[in-house]
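Keeping their order, the protein sequence lines are chains V and W. Our numbering numbers the first residue of the first sequence as 7 and each following residue consecutively. Our numbering numbers the first residue of the second sequence as 5 and each following residue consecutively.
Treat the hints as calculated values from the structure; they're not laboratory data. Possibly wrong hints are sitting among the right ones.
[Unchecked claim] If you only want the chain V side, here are some residues facing chain W, beta carbon under 7 angstroms, derived:
1) K30
2) V55
3) V62
[Said to hold, decoys possible] Taking lysine-lysine and the DSS-like style, the derived pairs with C-alpha atoms no more than 30 angstroms apart in a straight line are:
4) W:K44 x V:K111
5) V:K222 x W:K44
6) V:K27 x W:K98
7) W:K9 x V:K30
All residues carry an ideal CB built from backbone N, CA and C; glycine is no exception.
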Amino acid sequence: MQLTQQQQAMLDGAQGKALAKVMKTLVMYGETFGATRMVPVTSDYGHLVTSFGLGVLKPVYALLDEIIADGVVAKQQFSVDPRPLQKGVPVTLLQSLVFRLMYSKQTEYEARLQKLGLMGDDAFTCACYQPETGNTPQQGQVLSWAESSAVVYANSVLGARCNRNSGIIDIFGSIAGFVPEFGLLTDEGRRATWVVELKTTKLPPAQVLGSAIGMKVLEEVPYIRGLTTYLGNELTPAVQDYLKDMGAATASNGAVGLYHVEGLTPEAVQLGDALLAPQTNTYVIDDAELQRVMDSYPCIWKEADAEPKMCFIGCPHLSLSQLQSWTARLEQALQQQGRQKVAIPTVLTAAPAVVKEFEQTPDAARLQATGSVLASICPLMYMNNPLCGKLPIITNSNKLRTYTSARYATDERILAAITQGGALQ
Amino acid sequence: MKVFKGRPVVPGTAQAEALVSSAGFNTLASFQKSLMFGDKKSSCSDQNNAELYQQPMAGKALCMPQTIGSTTGGMVLYCAVEMGQSPACLLFSKPIDSLAAAGAILAGVWSDVPMPTVDSLGDEFLQYVKSGMPVAVAPDGTVTVG
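Can you make the complete structure from the sequences, with help from the hints?
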């Protein structure tokens with residue numbers, strides 16, 4: 007790799023041993039993927055995937071301490087994924103004890119993040135690109151992020167450039183101010199190698215469409231035709247929400263870091279079919295294919311027909327308009343059932359800044375009246391508690407389904423389950 | 005005995021018993037429980053990986069096509085190395101993915117006990133190697149099986 011004088015000096019230890027090791031890591035990482043140079047990180051803010059003070063991550067804390075002790079801070083402030091815990095989220099005494107043991111290093115870890123350059127106390131969300139949080143990259147900006155749902159959104163919907171990095175590599179790029187140029191940072195790496203032809207009779211659930219695409223194309227770049235039939239050609243807030251949820255499923259059910267939607271996402275609008283690689287594969291998705299994908303999801307509950315004990319909505323974190331929409335749908339469904347409150351504990355999650363905005367609206371009281379809980383935690387980290395993971399928990403998130411024992415259902419089935427109770431229909 | 009030549013991502017030597025995942029290896033799902041509960045054998049906790057589920061991974065030559073799953077994967081691998089619960093080496097039939105690369109490189113740079121890592125060993129490697137076979141890794145990326 008060709009380094010500039012400044013980069014070579016960093017690698018040689020001119021700015022301390024810790025920064026030299028950070029550079030060495032980035033250089034080796036880049037060389038593994040054929041990068042020939044480093045390019046500046048040009049986004050206003052970084053974003054870290056590691057937000058949890060798990061006691062077992064001692065090696066990570068030691069690594070960060072080594073960096074901090076050398077007087078190193080990030081060259082850009084950063085947001086970070088959601089916190090694992092929050093008052094108000096339903097837990098039993100025993101679950102609470104296990105949580106305290108699991109995340110025993112949370113306060114200390116957050117102190118390290120403050121020293122390194124955390125944006126603020128409200129910067130804990132996986133959907134940092136939403137305007138309320140204020141970490142919204144511009145098209146063409148180079149990022150050093152790792153959170154898979156944020157990377158795929160920034161690349162696809164905002165047109166920013168970021169590889170699908172691992173945790174720790176994200177903060178290293180923000181510290182060095184450079185990242186190795188390869189993969190999704192290059193024009194070549196952003197060309198689509200799969201054409202997805204959507205031939206369904208109606209708009210598919212975003213989480214299922216994303217799941218199907220992710221499972222098929224894995225880490226490759228898909229170019230999706232036919233979605234504008236249902237979404238139109240404008241990136242309205244509702245369309246952005248759809249693409250957020252679809253993208254998160256492509257990234258977790260596969261390893262997609264970028265997708266293009268013909269006539270809709272910025273690069274597809276600007277470049278059209280020129281985004282296609284010379285050789286592409288084709289994947290046709292119709293109603294039967296979506297059903298096949300949904301039927302393939304294993305249920306790993308002890309009793310497959312158990313009555314759900316809890317529900318999570320919002321992985322990735324909900325937007326303001328999604329919160330408003332869920333409030334209205336919950337109210338209506340409860341009214342139809344002649345109920346005042348949801349039948350099982352239901353937690354909706356959104357970024358702290360989004361929750362603050364929501365609380366300024368009359369909808370906040372309406373949502374609270376349904377008995378639902380609004381929080382800013384990461385449902386995945388909640389499910390990582392072995393006592394929680396054993397419970398029959400349902401979700402409308404395909405990401406949560408993939409990484410935990412939570413069972414996926416479409417919004418309609420989720421709504422029925424939480425307002426009627428009983429087994430999932 | 006068969007010899008395969010790959011690319012050393014993190015060069016080093018290792019001799020260990022093979023543990024084979026013919027499907028993508030989900031790093032977080034596999035190591036989550038063993039790291040959390042200090043299981044030094046690192047029994048695989050990924051219920052979706054029937055070949056590896058509940059198999060000890062520590063000290064093995066972990067053979068796989070690529071890793072999959074959460075982008076915390078690299079960090080998890082690094083922690084496994086630092087906590088003495090990692091495989092002896094990582095052997096990939098395909099070009100390494102960015103998450104596994106990050107984990108192997110973090111261990112190589114930041115740990116006293118690097119984890120030799122070789123990629124691009126080819127599909128034939130994964131078809132030939134079986135769990136339990138002896139595996140030797142050389143610094144130039146030569147992998148001897150059997």
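Hint check, failures only: As far as the earlier hints go, only 5 is violated by this structure.
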